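Q: Please take these sequences and the hints and turn them into a complete structure.
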Amino acid sequence: MGARIGLWARATQLGRSLGDGVVDSGQAALYLRQLIRGNRAAPSIADRPSIGTAPGTPTPPVLLIHGYLATRGSVHLLERRLTEMNHVVMTFRLGPVHLGDIRDSATFIARKVESLITQTGVDKVDIVAHSMGGLVALDYVKRGGGWRNVRRLVLLGTPTQGTWSALLGLMTAPLGKAVRQLLPGSEFLRELERAPLPAGPEVITVAAGRDWLAPPRSTRIKGARRVDVATGHSGLLVDENVAETVAKILAAPCGEASSPGHDDEGGDEPDRPPGKIV
1 MGARIGLWAR
11 ATQLGRSLGD
21 GVVDSGQAAL
31 YLRQLIRGNR
41 AAPSIADRPS
51 IGTAPGTPTP
61 PVLLIHGYLA
71 TRGSVHLLER
81 RLTEMNHVVM
91 TFRLGPVHLG
101 DIRDSATFIA
111 RKVESLITQT
121 GVDKVDIVAH
131 SMGGLVALDY
141 VKRGGGWRNV
151 RRLVLLGTPT
161 QGTWSALLGL
171 MTAPLGKAVR
181 QLLPGSEFLR
191 ELERAPLPAG
201 PEVITVAAGR
211 DWLAPPRSTR
221 IKGARRVDVA
231 TGHSGLLVDE
241 NVAETVAKIL
251 AAPCGEASSP
261 GHDDEGGDEP
271 DRPPGKIV
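Numbering (the numbering used here), first residue to last: 1 to 278.
Heads up, some of the hints might be wrong.
[Unchecked claim] The calculated EDC-like cross-link candidates involving lysine to aspartate or glutamate, where the alpha carbons are at most 16 Å apart (straight line), are:
hint, residue 1, residue 2
1, Lys177, Asp104
2, Lys124, Glu202
3, Lys177, Glu187
4, Lys222, Glu240
5, Lys222, Glu202
6, Lys177, Asp101
7, Lys248, Glu84
8, Lys222, Glu244
9, Lys248, Glu193
10, Lys124, Glu114
11, Lys222, Glu193
Just so you know, these hints were derived from the structure itself, not from any lab. Everything numeric in this text was worked out from a predicted model, so none of it was measured.
A: And the structure:
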């Protein structure tokens, strides 16, 4: 009897894994369709002469930052969904496919945010950044003075501890400096980790339980808050449930952005199972 129960449990788990694989494959295909929109995707609000907070929306404008080997098109679906949820959203072009020095991208974002604040009179912005885009945003907040201008920073599948999957980039973009910066133990990541997390901005990491490009253990930031979701790396941008989770994080009163979630101590504990998406 015990053997039968064990076999049934294994078969059930295999079925779930296969089902998850089908879902993740579909999300990856959807992500790819968004990606090929390129940087000529429908103009974001950042391209318009007037930017402000939509009527009835108490939250700041939201800046979306895309990841490595990606374009503005990759965040198009998330941008659209957040806009439909009454958030004012903007994106910027970070090179053709964003493979240059992360520090340079952080400096570019700093200039854009400063200009936005000067021209519109908003006090602060929120940032939602995917994958390597999160390292850009974190570098801006930690070392580029962004702590003064950012209310809330949401990192989606950002490998703050580095990822060996960056080695795949050596075959596709060997001259891109970001490839080396993404590797565990890189000089860039060591310097970024040594820089203290500044007081002011709320930092929330969203870790995807089925993310093999940036596994949950690679996304830890000591002192930040973490929310676990049941999806893959691509799903962080195309999964409708994740978009709803992000929207709720942005809309939450200050001090409650990551609820439910848990403090991330940055230790070596094993990955936690994905939590229920709220």
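Q: Each hint needs a verdict: does it hold in this structure or not?
A: We went through each hint and held it up to the structure:
no. : hint            : verdict
1   : Lys177 - Asp104 : 11 Å, holds
2   : Lys124 - Glu202 : 12 Å, holds
3   : Lys177 - Glu187 : 12 Å, holds
4   : Lys222 - Glu240 : 28 Å, violated
5   : Lys222 - Glu202 : 13 Å, holds
6   : Lys177 - Asp101 : 5 Å, holds
7   : Lys248 - Glu84  : 13 Å, holds
8   : Lys222 - Glu244 : 25 Å, violated
9   : Lys248 - Glu193 : 28 Å, violated
10  : Lys124 - Glu114 : 10 Å, holds
11  : Lys222 - Glu193 : 9 Å, holds
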